[in-house]
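Asks: Using the numbering used here, read the sequence shown as starting at 45 and increasing by one per residue.
Hints were generated in silico from the structure; no laboratory data involved.
Fair warning: there could be bad hints in the mix.
[What the hints assert, rightly or not] Using 30 Å as the maximum straight-line C-alpha spacing, the simulated DSS-like pairs for lysine-lysine come out as follows:
#1 K262 - K219
#2 K354 - K199
#3 K262 - K199
#4 K219 - K324
#5 K194 - K262
#6 K324 - K346
#7 K324 - K354
#8 K365 - K153
#9 K194 - K219
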Amino acid sequence: MEYSRRRCLHLAAGAVALPFASRTARAQAYPARPVRVIVPLPAGSNSDIVARLMGQWLAERLGQPFVIENRPGAGTNIGTESVVRAPGDGYTLLSTGSSSAINATLYEKLSFVFLRDMAPVASLTRVPNVLEVHPSLPVKTVSEFIAYAKANPGKINMASPGTGSTPHVAGELFKMMAGVDMLHVPYRSGALADLIAGHVQVMFDGLPASIEQIRAGKLRALAVTTTMRSDALPDIPTVGDVLPGYEASTWFGISAPRNTPAHVIDTLNKEINAALAHPKMNARLAETGATALSGSPADFGKLIAAETEKWGNVIRAAGLKPE
45 MEYSRRRCLH LAAGAVALPF ASRTARAQAY PARPVRVIVP LPAGSNSDIV ARLMGQWLAE
105 RLGQPFVIEN RPGAGTNIGT ESVVRAPGDG YTLLSTGSSS AINATLYEKL SFVFLRDMAP
165 VASLTRVPNV LEVHPSLPVK TVSEFIAYAK ANPGKINMAS PGTGSTPHVA GELFKMMAGV
225 DMLHVPYRSG ALADLIAGHV QVMFDGLPAS IEQIRAGKLR ALAVTTTMRS DALPDIPTVG
285 DVLPGYEAST WFGISAPRNT PAHVIDTLNK EINAALAHPK MNARLAETGA TALSGSPADF
345 GKLIAAETEK WGNVIRAAGL KPE
């Protein structure tokens, strides 16, 4: 998913100014020293922004710094592996996202099994993708798009920021459920720019990256990919209105190495859920195009397991391989 780097870095810088809560006066059994939060994506990504917002909250509430470290590479596997190998003491955490569920099947020879080696702490946010087309395409609804794609098999170019990315697998799921054939065009960068220019015709992009282009009329939004409409685009229907059961979104959360003590996980989960219920945190998350996704560690574990199974089925059916 592509994001405006300048916009995201601006939001990250603003995180330190959030007057969320005063430090607790009493001593805490945990944490007793700074905590590292590994973000396996570049600075300025949505995962990075959310991690910094939550890190600031946790630092204020728990009285120790939560230091964000960006370790991008190998589709998030480099950063993830560093946390898998860290001690299970609560002082190294992972900013977990949809890629963790996708990579479990996409990569055949990982040195870890995410569901086995990582403990879910708390879910954080969910971000919609949006089915968007270049305005030159003669369609205005999902039904019209499906009909056009069936009449032009293999002639529609579907862009994504890379094989196995959330926009890519969202498109593959759409192809399977709609029974259409589109040509996947993976990009390392510039996918959104080529869609705006009309070099490709469709993309299942992250809403934060595309919303201003949609509002400016440079792209036409046909539907959002979540089960509910987005507050940011309330007039745009969902894909599921036409393809019942369709859902594809980007989500983020916090995980820890296995064997992390239960009281540590419970402490973090409690404070994260308090943050997600706070109006100022919700306002900040809305700026990134995200909505709060609160719940227990078990709830987050169920989400990861369900997403791993869902995207595994899509990846196997489509025969996807990492670049």
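Asks: Run every hint past the structure and note whether it holds.
Replies: So, going through the hints one by one against the coordinates:
1. K262 - K219: At roughly 24 Å apart (the allowed maximum being 30 Å), K219 and K262 satisfy the hint.
2. K354 - K199: 27 Å, holds
3. K262 - K199: With a Cα-Cα distance of about 21 Å, the restraint between K262 and K199 holds, given a limit of 30 Å.
4. K219 - K324: 39 Å, violated
5. K194 - K262: Holds: K194 and K262 sit about 25 Å apart, inside 30 Å.
6. K324 - K346: 28 Å, holds
7. K324 - K354: 33 Å, violated
8. K365 - K153: Between K365 and K153 the Cα gap is close to 12 Å, so the pair holds against 30 Å.
9. K194 - K219: Distance ~10 Å between K194 and K219 Cα, so the pair holds.
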